[in-house]
Every structure is written in C-alpha cells, then in structure tokens.
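Those protein sequence lines, which keep their order, are chains A and B. Numbering-wise, the first sequence is residues 24 to 747 according to my numbering. Numbering-wise, the second sequence is residues 24 to 747 according to my numbering.
Keep in mind the hints are simulated off the structure, nothing from the lab. Remember, predicted model here, so these are calculated numbers, not experimental data. Hints are not guaranteed to be accurate.
A pair counts as met if it fits within one copy or between any two copies, since identical chains are not told apart.
[What the hints assert, rightly or not] Below 20 Å or equal to it, Euclidean Cα-Cα: the simulated EDC-like pairs (lysine to aspartate or glutamate) are:
| hint | residue 1 | residue 2 |
| --- | --- | --- |
| 1 | LYS689 | GLU389 |
| 2 | LYS116 | ASP612 |
| 3 | LYS680 | ASP547 |
| 4 | LYS680 | GLU398 |
| 5 | LYS689 | ASP275 |
| 6 | LYS378 | ASP547 |
| 7 | LYS384 | GLU179 |
| 8 | LYS314 | ASP461 |
| 9 | LYS680 | GLU231 |
| 10 | LYS316 | GLU110 |
| 11 | LYS396 | GLU271 |
| 12 | LYS384 | GLU671 |
| 13 | LYS109 | ASP605 |
| 14 | LYS736 | GLU671 |
| 15 | LYS396 | GLU337 |
| 16 | LYS738 | GLU268 |
| 17 | LYS78 | GLU271 |
| 18 | LYS738 | ASP209 |
| 19 | LYS465 | ASP315 |
| 20 | LYS116 | ASP587 |
| 21 | LYS680 | GLU524 |
Next come the chains, spelled out residue by residue.
There are 2 protein chains.
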Amino acid sequence: MMRLFRHALLLCLFCSATPAFAGDAIIGGDTGYRLWLKYDALPEIQRRNYLKSIKSWYVAGNSDTHKVIRTELEAALPSLLASDIKEHTQLRKQQLVVLTRDQIAASETELLTTLNNLGDEGYVLRQGRYQGRSVMLVAANTPVAALYGTYALLREMQTGTPLNGLATHSTPALQLRVLNHWDDLDRHVERGFAGESLWDWHKLPVYEYQRYHDYARANASIGINGTVLNNVNADPLILSPLYLEKVEALADTFRPYGLRVYLSVKFNSPQSLGGLDTADPFDPRVEAWWKDKVADIYQRIPDFGGFLVKANSEGQPGPGDYGRSHADGANMLARVLAPHNGVVMWRAFVYANEKNEERSKQAYSEFTPLDGKFEPNVLVQVKNGPIDFQPREPFSPLFGAMPNTPLMMEFQITMEYLGFSTHWVYLGTLFEEVLDADTYIKGPGSTVAKVIDGQLHDYPITGMAGVANIGTDPNWTGHPILQSNWFAYGRFAWDPTLSAESIAQNWTRMSLTREPAAVDEIVDMMMQSRETTVSYMTPLGLHHIMGADHHYGPAPWVDFLGRDDWNSVYYHRADTDGIGFDRSPSGVDAVSQYASPLREELSKPETTPEPLLLWFHHLPWDYTLADGRTLWDALVQHYYQGADDVAEMTQRWAALKGQISPLIHKQVSMSLQIQLNEARWWRDACVLYFQQYSGMPLPKGLAAPQADLDTLKQKQFPHAPGQG
Amino acid sequence: MMRLFRHALLLCLFCSATPAFAGDAIIGGDTGYRLWLKYDALPEIQRRNYLKSIKSWYVAGNSDTHKVIRTELEAALPSLLASDIKEHTQLRKQQLVVLTRDQIAASETELLTTLNNLGDEGYVLRQGRYQGRSVMLVAANTPVAALYGTYALLREMQTGTPLNGLATHSTPALQLRVLNHWDDLDRHVERGFAGESLWDWHKLPVYEYQRYHDYARANASIGINGTVLNNVNADPLILSPLYLEKVEALADTFRPYGLRVYLSVKFNSPQSLGGLDTADPFDPRVEAWWKDKVADIYQRIPDFGGFLVKANSEGQPGPGDYGRSHADGANMLARVLAPHNGVVMWRAFVYANEKNEERSKQAYSEFTPLDGKFEPNVLVQVKNGPIDFQPREPFSPLFGAMPNTPLMMEFQITMEYLGFSTHWVYLGTLFEEVLDADTYIKGPGSTVAKVIDGQLHDYPITGMAGVANIGTDPNWTGHPILQSNWFAYGRFAWDPTLSAESIAQNWTRMSLTREPAAVDEIVDMMMQSRETTVSYMTPLGLHHIMGADHHYGPAPWVDFLGRDDWNSVYYHRADTDGIGFDRSPSGVDAVSQYASPLREELSKPETTPEPLLLWFHHLPWDYTLADGRTLWDALVQHYYQGADDVAEMTQRWAALKGQISPLIHKQVSMSLQIQLNEARWWRDACVLYFQQYSGMPLPKGLAAPQADLDTLKQKQFPHAPGQG
C-alpha cells in the first residue's frame with residue numbers, strides 16, 4: 024500500500040496544488056480528517072459494476088444546497104469509481120440522477136405518490152427506469168432531503184451495496200437531530216477532549232474556515248439538522264449584537280447543508296445583558312426584552328432553531344429564583360419564539376442539595392407534576408440516565424412518565440466519564456441499550472425509542488440531542504475510533520431501530536478499511552469496547568467514582584466536595600457491611616419511579632439485572648451472584664478482566680498494521696497504550712480502595728496490584744482538559 | 024491549475040492511502056500546513072537542469088538525524104523534480120551526496136580543511152568532483168549540520184538557484200537560535216492568536232502528534248536549534264516529575280532534528296513546588312534543591328538546553344524578593360546548570376512602578392551596573408526595544424552597554440501589538456531595522472547585530488530568541504503570510520546580515536508561487552506591510568495605545584489601569600499643548616542611555632528621525648515637520664494613508680487570485696478584510712481622540728470619520744484571544 028501511495032503521491036505532486044501535506048505525505052497522509060467521507064477508490068469489481076449503471080451524473084436545480092450536492096458528487100464519484108465521470112446538464116440513461124419534487128415529470132405518478140409520504144427530509148433511492156431511461160435515481164421533496172439522499176446513496180456505494188434494482192426510501196424518525204456544543208466563547212470546550220472549539224469567535228463574522236464547511240458536510244451526511252453552538256452553561260454575551268453577528272455568519276455557512284443554528288441562553292440575560300432589575304418570567308418587561316431579542320435574531324437568521332436552556336441547575340439562574348416553575352420559565356420563552364417557529368429545549372438535568380431527596384429521583388419529582396403544562400413548542404431534554412452520563416445507568420424514569428410533554432433524548436457523545444479521548448469506547452451499544460430499554464409504560468415493548476419518537480404518546484415534536492465530541496484536533500475527535508460515536512449518534516437520531524453493529528460495520532468500511540476480515544475484527548472490538556470500559560471503571564452498577572471535578576481517572580475515595588452528591592462515597596456507599604446504593608423500597612425507593620413490572624423487578628437483588636445490581640442495592644461483600652461467585656470476587660474479576668481486555672485490544676489492533684492508513688493506525692495504537700495504562704490504574708485504585716472495606720483477599724489466580732493506594736490517592740491533575 | 028489538480032487528485036485517489044482531504048480536495052487542498060516545505064514540482068526547464076546533475080541520491084550514515092535527512096530527500100526530490108529518483112546505497116556520479124566528516128575520504132584535503140572552520144553547525148554545498156565523480160555534495164562535521172546543509176540545498180532548488188558550479192558554505196552567526204513558546208500547561212497560549220498550544224500535555228508522554236515532527240522539521244529547515252516549551256510566566260508544575268516525563272518525550276521527538284529543549288522556570292519553585300520556606304538564592308537548601316532538580320532533568324534529557332527566567336517582573340517572584348540582585352539569582356541557577364553545559368537566559372524585561380523612573384529607562388538602570396557580574400553560562404535576554412514589542416521602537420539602549428555580559432536578542436514573532444493574526448505584517452523589515460541599528464558604541468558601524476553576534480565585545484555565548492506565533496491552526500500561524508515571520512526569524516538568527524527582501528523572496532517562492540510577476544508583487548506588499556501598520560496604529564513614534572490587557576484594537580483613552588505605565592495616556596501624553604513623550608534631556612532624559620552621537624541626535628526634535636519623533640519628544644500640534652506639514656496634519660495623514668494602503672493591499676491580493684492555491688488565497692483575502700475594517704477603526708479612534716486635544720480640523724481632502732468616539736470607547740472584548 025505504501026508503494027502504491029508513493030506512486031500516487033508522485034503523480035499528484037506533478038501539479039502545483041497538490042493535496043498532499045509534505046509532513047503527512049512522509050507517513051501516509053491520512054490523519055482521519057476526512058472522517059467517513061474518504062471516497063477512496065472502491066475495489067475494481069465493485070467499480071465495474073457501479074460504472075455499468077453510473078456513467079455520468081445529473082443534478083436538477085440550482086439552490087445553494089444543489090451546489091453542495093454537485094460539489095459532493097464531483098469529489099466522490101471520480102474518486103470512488105476511479106474514473107473521470109462527469110456531470111451532464113440533462114437527463115441521460117445510465118446516469119446518477121438527483122431530482123427534487125418540482126423537477127419530477129408529472130407522468131411519474133408512482134414516484135410522486137411515494138414522495139407524498141416522505142415529508143421535507145425523506146428521500147427515495149431507486150435504480151430503474153425514469154422517463155424511459157434506466158437511471159440511479161435520488162428523489163426527494165426538498166433540496167436538503169435530496170442532499171440526504173445523495174449521502175445515503177454514497178454510503179451504499181462506500182459499503183458495497185449492489186445498485187441493481189435498488190429501491191428504498193427513508194424518512195427520519197425524529198424531527199430535531201441536534202448536536203450540543205458545550206463550547207465557551209473563549210474556545211474552551213467544557214468536557215471537550217479534542218482540542219478547542221471549532222468556532223473562532225474572534226475572527227467571525229469575516230473569517231470562514233474550510234472546517235466550518237466540512238463540519239456541516241459531515242453532519243448532513245448523517246442527517247444531523249441542528250447545532251447548538253454554545254455551552255449550556257451559557258455566557259449572556261452570546262445574545263449581544265457583537266456575537267449575534269458572528270452567529271449569523273455561521274448560520275449562513277451551515278444553511279445550504281440543512282443545518283439550523285440554535286443557542287444556549289442564560290435565563291437571567293435580561294438582567295446580565297439587558298440591564299433590567301429582574302429576569303422573572305412573569306414580569307412583562309422581561310418577556311418584552313426576550314421578544315425584542317428574538318425578533319433581532321430572526322431578522323438575522325430567518326431559520327433560527329431556538330433556545331436550549333439549563334436553568335436552576337448547578338448554579339445556573341432560572342425561574343425558580345422567582346418562585347416560578349420550569350414550565351413558567353420555558354413557556355415565556357416559547358411564547359416569544361412561537362411566532363417565528365422556534366422551539367425551547369428545556370433541560371431536565373436539575374438537582375438541588377437543599378431538597379432532601381436522593382439525586383437520581385429529583386428530575387422525575389420536579390418534572391412529572393408539570394406534564395402537560397408546557398407550550399407546544401417546548402421539548403424537555405432528558406439525559407439518558409437519572410444521574411449523569413455514567414458508563415452505565417438505567418434509563419431515566421422520566422421516559423414514559425410525561426405522556427403530554429415531548430421528551431427529547433440527551434446523549435453525551437463526548438466522553439466525560441469514559442476516559443476522555445484516549446479510551447476506545449464505541450457508544451453505539453450504549454445508545455442501543457438505552458433506546459431499546461423497555462419502560463413498560465404501555466405494556467411490554469414500550470421502549471424508550473418509542474417514547475422519544477412519539478409513537479407512544481403522539482408528541483407534536485420529537486428530537487434527540489448529542490453533546491458533541493468534536494474539536495480542532497486534526498482527526499476531529501482526538502481518537503479516530505471516536506469518530507464512530509458522532510456517526511452512530513447521527514444514524515440513531517435518524518433511525519433508532521438501527522443496530523449498533525450494522526452502524527459499526529458501515530462506519531468501519533467508510534472510515535478505515537474494506538478488507539472483510541479487518542472489518543470483522545474492528546467491528547468486534549467496537550462492539551465489546553464499552554462493556555470492557557464498564558468493567559475496569561464501574562462494573563455491576565457502580566457509578567460516579569471518577570476524579571473530582573475533571574472526572575479523570577479513578578477516585579472512589581472522594582468525600583470532600585461541597586455537596587454530598589458530588590462525592591464518590593455518596594454513590595458507592597462502600598463500608599464494612601458491603602457496597603452499593605440502596606434505591607429499592609427499603610432504601611430511597613427510586614425504583615418506584617419506574618413502571619411495573621420493572622419496578623418490582625428492580626426492587627429485589629435477585630431479579631435486578633447484574634450490570635445494574637449496585638445501582639439499586641447495597642449488598643454484603645459475600646452476597647452470592649447467580650453464577651455462585653461472591654459479590655467481592657465478581658467485582659474484582661470485572662476490574663481485572665477489563666484491564667486484560669484492553670491488553671488484548673492493543674494486540675489485536677497491532678495485528679491490523681498495514682491494513683489501515685499508517686497515521687490513523689499509529690494514533691489508535693498510542694491511544695490504546697494510554698487506555699491500557701489507565702485501565703490498570705482504575706483496576707488497582709478501585710480494588711485496593713474497596714478491599715479496605717471488604718477485608719477479603721483477591722480471588723485465586725489474580726496478582727495483587729503493585730501500586731500503593733496512598734500514592735494513587737495523591738495524584739493531582741490540575742490541568743486535565745475539559746474542566747467545567 | 025484546478026483542472027491539473029483534479030487530474031492529479033484523480034490519479035492519487037486510486038490508492039487507498041490518498042493524501043488528499045476530501046474537504047480540502049473540494050477547494051484545492053493546500054491549507055498552508057506545508058509551510059515553506061511544499062516541494063511542489065519545479066518548472067520543467069529547471070527540473071531538466073537539476074536532473075542533469077542529480078539522478079539519484081546518497082546519504083552516508085545511519086543516525087536518527089540521517090534518517091530525517093533520508094525522509095526529507097525521499098519526500099522532496101521526487102516531488103520537486105517530478106521524477107522517481109531514488110536513493111542509492113553507494114556513491115555514484117551525478118548524485119546528490121550527503122556526507123558527514125567521518126565519512127569523507129582522507130584524500131579530500133581541501134574539503135576537510137574547509138570543514139575545519141565550520142564548527143558543529145556549518146555546512147558545505149559544492150557541485151563538482153568528489154572522489155573522481157561529479158556530484159552535488161552536502162558536507163558537514165555533524166549529522167545535524169548535514170541536515171542544515173540538506174535543507175539549504177533544497178532551499179536553493181526551491182528558489183531556482185542553478186546548481187552547476189555551486190560552491191558555498193555557511194555557519195550560523197549566533198549559537199542559540201531559540202523559539203520562546205508562551206504556552207501554558209492548559210494549552211492556552213499567552214499572546215497566541217493561532218489556536219492553542221501544539222503541546223497536548225494531557226496526552227504526553229505517550230501520544231506523539233505528527234505535528235510535533237513537522238514542527239521540528241520546519242525549525243531545522245531554517246536552523247532554529249532550541250525551543251523553550253512553556254510560558255515565561257511559568258507554572259512551577261513544569262518541574263514536577265509528572266511534567267518532566269512529558270518534556271522528556273518531546274525532547275526525544277525533537278532530538279534528531281537538532282532541536283534542544285529548554286524550560287521557563289518560576290524562581291520560587293523551591294517553595295511552590297519543593298515545599299521549602301524560601302527561594303533565596305543565597306540559601307544553601309535552595310541551591311541544593313535546584314541542583315537535584317537539574318540532575319533529574321539531565322538524567323532524562325542529556326542535551327537539555329537550560330532555563331529561561333522572568334524574575335521580579337510583572338509580579339513574578341525573583342531574587343529581589345530577598346534583597347538579591349538579578350546576577351545573584353541568575354548565577355545560582357547557572358552554577359547548577361554549568362556541569363551539564365546548560366545555560367540561563369535571564370530576561371531584562373523588568374520595570375517596577377515603585378521606582379520613580381520612567382519605564383523605558385529601568386532595564387538599563389537595573390542591568391548595566393551588573394555588567395561582568397554574571398556567570399559565563401548566563402545570557403541576558405533583552406527585548407528589541409526599551410518598552411514592549413511596539414510596532415516601532417528605538418533599539419534597547421542595553422545593546423552595546425554591557426560589553427562583559429552576553430546579550431541575547433528577544434524578538435516577538437507573535438503579533439501581540441500588531442493586530443494579532445489577522446493583519447498582514449511582514450516582520451522581516453522590523454528585524455532588519457533593529458539588527459542594522461547603529462549603537463555607535465565603538466564608533467559608526469557598531470550595529471546591534473554586531474553586539475549580539477559577539478563581534479564587538481567577544482561574547483562567550485551568543486543567541487537570539489523569538490516569541491513564537493505558532494499554534495494548532497491548520498496553517499500554523501493563523502494567517503498564511505505570517506508564516507514568513509517564523510521563517511524570517513530563523514534566517515536572521517542564522518545570518519543577521521541577510522536582507523529582509525531576499526528572505527521575503529525566498530519565502531514567497533517556497534510557500535506561495537514561483538511566477539516571477541506574482542513573487543515581485545507579493546514581496547513588494549510584504550516589504551511595505553509593517554510601515555503600513557505603523558501608520559494606522561502608531562505613526563511618528565507613538566506607542567502602547569492599544570486596548571487594555573488584550574492589546575486588541577485602538578484605545579488611546581485608557582487611563583484607568585492599576586499602574587501609570589500600563590495606561591495609554593502615560594505614553595502619548597496628548598494634551599492641548601501637544602503630543603508625545605519628552606524623553607530628551609529636558610524631559611526624562613532617556614536619550615542619555617544611548618551613546619554619542621546618537622544621544623545628541625535624539626535630544627533634538629530636528630535631528631530625531633521622524634518615525635521616532637513622538638517617542639522622544641512632546642511637541643505642539645502645530646510643530647512643523649521637515650516637509651513643512653504641521654505635526655497634526657502629518658499625524659492624521661499617516662492614519663488615513665495607512666488605512667488606504669490596506670484597501671489597496673486587498674485589491675492587489677484579489678488580483679493574484681488563480682496564481683495562489685485557492686484555500687491559501689481565500690484565507691489571506693478574509694484576513695485582509697478584517698485588517699481593513701480594523702485599520703479604519705484605528706484611524707477613526709485615534710484621529711477623533713487626539714482631535715479633542717489638538718482642536719484642529721482634518722487636513723484638506725480628508726473625509727471626517729463616520730464613527731462616534733464614545734461608541735468606539737465603549738467597545739469591549741472580554742474574550743479577545745491570547746490574554747496574559
């Protein structure tokens with residue numbers, strides 16, 4: 024491959040605008056920047072097949088979005104097919120044809136009927152006759168949907184689907200498919216581990232990085248249609264004219280890609296920015312201030328999406344400061360946004376120490392009484408679990424519990440609690456686990472997916488949010504494999520019924536290799552990776568025992584933070600009697616927030632799924648698991664197995680050398696080395712710490728940790744990235 | 024060119040490891056990442072000439088540095104010559120031959136004699152017979168010098184020098200050619216405007232970015248042989264084992280490129296890190312602590328360069344805290360470094376409000392009494408001017424005034440006071456102006472260059488430091504043209520007698536275009552660019568009237584900062600009588616720090632160079648300049664002319680479209696648009712502000728600013744990048 028590469032490099036260096044970086048060229052050139060849109064030439068047999076049905080391409084229409092479609096096909100087709108196939112200005116046979124509804128011949132009644140049910144974002148892919156010619160057709164009702172169809176077809180080609188007789192159509196299951204950027208205006212990214220924010224606020228509105236386009240392309244290619252540009256811990260300045268002008272510039276860049284811009288807002292902006300003496304949602308001056316502000320925004324950005332609000336949570340101001348409810352606050356904003364078709368995404372991530380209620384229960388207690396009290400353009404955005412993006416949590420009991428309020432899923436793509444950007448953790452399996460979880464709210468099969476896509480409660484709006492893992496790192500996500508989590512998020516937001524494995528297969532073929540054996544090996548590693556990390560971090564339902572503040576590394580000993588529920592000891596409750604959080608009826612009774620029969624199932628250790636055992640129960644160290652092991656032995660074996668699995672991953676990856684672009688392979692190898700070091704660190708810290716309480720020996724055959732607990736406790740990381 | 028490019032892209036996309044970024048490919052691919060090492064194919068005539076004398080290449084030796092030489096030739100030659108020329112394992116005729124002394128045949132007496140005078144870094148380039156064969160020879164005493172020679176030869180080829188009969192040799196004029204990175208451990212870069220720090224401290228020591236190699240390559244290619252990794256406002260943690268392990272990893276990466284690592288240290292580290300109750304340089308425990316720390320560093324990094332120290336300056340701790348002198352502090356560190364051949368670079372940038380002495384005079388007053396009192400391995404690092412990296416300053420009077428103390432030049436490559444990374448300012452002319460300035464210290468011709476290179480005072484060590492303008496921006500410096508300042512700094516550090524124009528020509532040919540007309544146009548714009556910026560920012564010797572703290576934009580009205588000499592009004596002294604700082608004998612008498620006849624020349628407005636007039640004199644608004652204009656008219660005309668010149672630059676650059684890689688051309692165009700907006704902002708703010716005091720009308724023919732002074736005064740930039 025290297026010889027081939029050098030050969031090609033040689034050829035392409037003959038021209039003056041070589042695409043090669045000398046620095047990269049030396050080692051292979053492929054940093055991972057191209058994500059899953061590499062368009063490297065397909066295997067020859069496949070190319071020949073495709074060239075039979077695609078000898079040229081034709082795009083009808085001239086909108087900015089059509090220009091994007093042209094640019095993409097111009098980059099993709101000659102490269103994928105290793106053939107200089109060109110655009111034609113009219114319809115011909117054996118052509119890739121992209122049509123929007125207004126361009127479709129009235130005589131194509133069947134096609135038009137199909138389109139009637141596809142809405143503004145759905146598309147048709149159909150290989151067959153159109154106007155008497157055999158073509159590969161991409162058809163849709165709108166230019167953006169045609170762009171989605173174009174990317175869908177390119178995905179089929181990149182993953183080797185035969186085009187002969189291809190006949191499919193697709194519409195997104197969720198309306199709002201949004202990335203949340205926790206990006207500050209100084210380019211720091213809260214919980215960001217892949218460089219700094221993509222948004223160079225200082226140089227905006229004039230300076231437009233190519234990367235802004237490539238970001239929008241990548242999102243469009245997986246159907247993401249919205250982006251919240253700034254941190255939910257919002258700086259009120261984002262609503263100042265100085266910054267709105269910059270936001271407008273980004274919105275203009277993103278528009279042709281179907282990507283709408285949203286903003287996080289600080290609830291007290293009328294005070295901190297507007298100079299009013301209050302932000303009380305019931306004060307007419309406050310609503311008037313927001314009304315004017317929103318009018319100004321829509322003046323600049325006619326398709327502005329709306330606001331994301333973190334209120335009365337972790338010190339953020341909110342309606343509660345004035346004795347008003349979350350609904351009161353959300354509805355005031357909703358009323359001023361409604362005339363412009365904007366929405367409010369109101370976060371349910373709230374908890375207060377003052378309340379004498381266990382943290383995992385608070386969101387449910389606070390929001391369920393408000394069900395049905397929100398304006399129709401409000402979505403309540405709920406994190407997947409009741410605590411905070413842990414390696415494993417049960418689904419949030421809010422899902423299913425608010426039939427009259429659209430609930431929006433909030434996943435975290437960035438790995439705040441999962442090893443930052445140096446641990447190989449494919450999140451597809453986590454997303455799948457949550458979406459397929461059964462709430463039983465309307466009997467068996469009432470999955471979380473059916474809650475958020477509106478099937479169960481007929482929501483007027485639906486959506487999914489993903490906290491982005493993207494930054495200025497050359498490979499976007501700091502770790503090439505973690506690109507798959509951005510990809511998987513987008514695919515699940517489009518279709519929650521997809522399988523994590525099929526998504527992993529497509530991503531791997533598009534991003535890393537098309538060698539079937541290598542694909543299988545990588546997909547297998549991806550599918551196991553999250554369980555491996557759960558094992559060496561938080562097995563058996565343990566949670567929130569990471570380092571204080573930065574959440575880097577193990578710290579089950581943390582007991583000094585200002586609030587009980589910020590401390591590790593609050594969550595694992597290890598003592599000489601045992602370990603785990605009793606959330607059963609005999610404890611804080613969090614299980615009562617779930618529907619029957621799940622509630623009963625989770626109430627008893629015997630019927631609680633082992634992976635969640637210590638989430639719901641405090642059990643003696645010698646408690647016997649189904650397989651006969653004691654809890655202590657199983658816990659320790661999980662930690663050791665997790666670390667051993669990472670060691671095995673490093674070997675399996677090393678064996679793939681030569682089948683992956685050298686620079687991408689090297690990046691993953693280095694990250695795996697860090698992951699291995701840290702997995703062993705997790706194992707040793709947790710085993711040694713918990714052993715103080717269990718007082719029990721390690722299971723036979725396991726070598727005692729060499730590390731010293733006091734030394735591990737003293738580790739400090741004042742400059743760990745991503746701090747909030 | 025685009026057609027050519029697409030053609031080449033097509034070809035190189037046939038292989039699986041294409042060097043193209045899809046995102047970039049769409050618009051041309053050349054982000055500027057490759058700097059001046061692009062190696063695009065040379066014009067055909069030139070290629071044919073070179074191919075006559077270079078049909079293959081041969082490198083004798085197998086050190087890590089030799090591997091770098093091989094990698095570079097393997098990337099450069101096939102590309103420059105558009106020919107698949109290969110390495111041979113033995114000497115042949117018509118070969119590019121790279122030899123280090125131990126590989127040179129004893130019979131080559133003349134060559135060996137030449138090498139005797141070239142030291143460890145000098146090289147010979149000689150086209151002619153070697154061992155009876157006609158070859159293009161690169162010869163040197165050490166592998167790193169051979170690498171320098173290799174880059175020198177590649178530079179000659181990139182800029183079109185005929186190789187026939189080429190016979191030249193070169194040695195650096197200065198020993199320490201060092202970049203200073205003001206990079207914090209959280210990746211924030213103080214006064215950095217090109218993204219964040221290249222050093223990903225969190226992922227070190229394991230994770231090694233390709234960019235670390237490309238950074239070292241770029242430095243080696245211009246002879247930079249040292250890098251201070253961290254901010255002079257140093258975090259003591261840099262000396263902790265956790266971070267020294269990371270520093271060691273970077274040193275290992277940089278070593279083959281001849282790039283030695285240095286660290287900035289906080290003087291009170293024995294307290295803040297070591298837990299002692301003092302950092303008094305006279306306390307034996309303190310020296311012992313440093314001795315052990317230094318031993319640990321050299322254990323890890325045998326070729327560690329030494330320490331850079333900012334002490335008793337802007338709140339930094341230092342020997343003065345214990346009543347000791349700068350020499351006392353520097354010498355203590357020098358003593359512990361000496362056994363390891365390390366040096367101390369002690370900054371002369373000191374000023375204290377308490378002292379009742381004008382700021383520009385303080386460094387001289389504090390350091391000249393210490394002349395001769397420093398250990399031989401100490402260099403005093405002096406900023407080029409007496410204040411702080413202004414668009415124009417006179418040279419620091421310290422140059423020439425310390426015959427018995429090696430003075431090291433500190434230039435600022437990053438543009439703290441010159442518009443950040445969005446103003447096109449080629450600094451070659453600034454460097455040249457300073458280096459060629461005559462101190463008269465030993466009569467006419469006693470230039471600053473001859474002071475720092477040791478010619479005048481026979482210094483035992485010599486050096487130059489440049490505060491880096493490099494970050495994670497895809498183009499490294501945030502603005503493609505500003506790459507030339509990194510290049511020019513390195514070239515001047517190697518040879519201070521070079522001309523700014525020849526450096527600009529070489530850089531342009533290597534980085535942007537080889538079209539003679541385009542080269543001339545760009546070089547002409549580069550040569551005028553700094554004067555243009557001086558005109559719209561600080562004409563006629565004005566200085567330090569930038570925005571408070573961040574130094575972004577104009578703020579001549581600043582009068583509220585904690586120290587007199589942080590405020591704009593302290594520096595411009597505008598009042599109804601006139602403007603300017605009287606540093607003549609009738610004023611603070613700063614001129615007395617310069618040698619005669621310069622001292623006398625600067626004492627009188629009539630004999631003071633007009634560009635420095637208001638630096639040294641407070642003059643009435645109607646003061647008459649040599650050309651008959653009033654001071655007020657000239658001042659205003661400078662501001663207007665500067666802004667008009669930027670408008671002209673934007674048009675001249677636009678006319679070059681099609682002759683420059685599209686993405687580079689676009690980046691410069693956008694930056695020029697920002698520069699134009701800001702040049703007009705500067706013009707309006709300063710003219711309106713000063714007019715309050717002059718009370719005089721604008722010169723005939725000039726349209727009054729449309730802006731309103733109060734509005735301009737109210738502009739706030741809380742998130743301006745690079746804040747200290």
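Okay, the hints, checked on the actual structure:
Taking the closest pair of Cα atoms, LYS689 and GLU389 never come within 20 Å of each other, the shortest separation being 48 Å inside a single copy and 52 Å across copies. In this assembly of identical chains, LYS116 and ASP612 lie within 20 Å of each other by CA distance neither inside one copy nor across copies; the values are 67 Å within and 87 Å between. Taking CA atoms no more than 20 Å apart as the test, LYS680 paired with ASP547 passes inside one copy only; the shortest distance there is 17 Å, against 50 Å between copies. In this homomeric assembly, LYS680 and GLU398 never come within 20 Å of each other (Cα to Cα): the closest approach is 55 Å inside a single copy and 53 Å across copies.
In this assembly of identical chains, LYS689 and ASP275 lie within 20 Å of each other by CA distance solely across copies; the values are 17 Å between and 37 Å within a copy. Taking CA atoms no more than 20 Å apart as the test, LYS378 paired with ASP547 passes in neither setting, with 45 Å inside one copy and 70 Å between copies. For a Cα distance limit of 20 Å, the shortest separation of LYS384 from GLU179 qualifies neither inside one copy, at 44 Å, nor across copies, at 72 Å. Taking the shortest alpha-carbon separations for LYS314 and ASP461, neither the intra-copy value of 41 Å nor the inter-copy value of 65 Å comes in at or below 20 Å.
Taking the shortest Cα distances, LYS680 and GLU231 sit within 20 Å of each other only across copies (17 Å), while inside one copy they are farther apart (37 Å). Taking the closest pair of Cα atoms, LYS316 and GLU110 never come within 20 Å of each other, the shortest separation being 45 Å inside a single copy and 67 Å across copies. Taking the shortest Cα distances, LYS396 and GLU271 never come within 20 Å of each other, neither inside one copy (33 Å) nor across copies (60 Å). In this assembly of identical chains, LYS384 and GLU671 lie within 20 Å of each other by CA distance neither inside one copy nor across copies; the values are 39 Å within and 65 Å between.
Proximity of LYS109 and ASP605 under a CA criterion of 20 Å is satisfied in neither setting, with 66 Å inside one chain copy and 71 Å between copies. For the homomeric pair LYS736 and GLU671, neither the shortest alpha-carbon distance inside one copy (28 Å) nor that between copies (62 Å) is at most 20 Å. For a Cα distance limit of 20 Å, the shortest separation of LYS396 from GLU337 qualifies neither inside one copy, at 24 Å, nor across copies, at 57 Å. In this assembly of identical chains, LYS738 and GLU268 lie within 20 Å of each other by CA distance solely across copies; the values are 15 Å between and 44 Å within a copy.
Taking CA atoms no more than 20 Å apart as the test, LYS78 paired with GLU271 passes in neither setting, with 40 Å inside one copy and 56 Å between copies. Taking the shortest alpha-carbon separations for LYS738 and ASP209, only the inter-copy value of 17 Å comes in at or below 20 Å, while the best intra-copy value is 28 Å. Taking identical chains as interchangeable, the C-alpha atoms of LYS465 and ASP315 are never at most 20 Å apart, the minima being 43 Å within one chain and 70 Å between chains. Taking the closest pair of Cα atoms, LYS116 and ASP587 never come within 20 Å of each other, the shortest separation being 69 Å inside a single copy and 79 Å across copies.
Proximity of LYS680 and GLU524 under a CA criterion of 20 Å is satisfied in neither setting, with 23 Å inside one chain copy and 48 Å between copies.
When the structure is compared with the earlier hints, violations turn up for hints 1, 2, 4, 6, 7, 8, 10, 11, 12, 13, 14, 15, 17, 19, 20, 21 and for no others.
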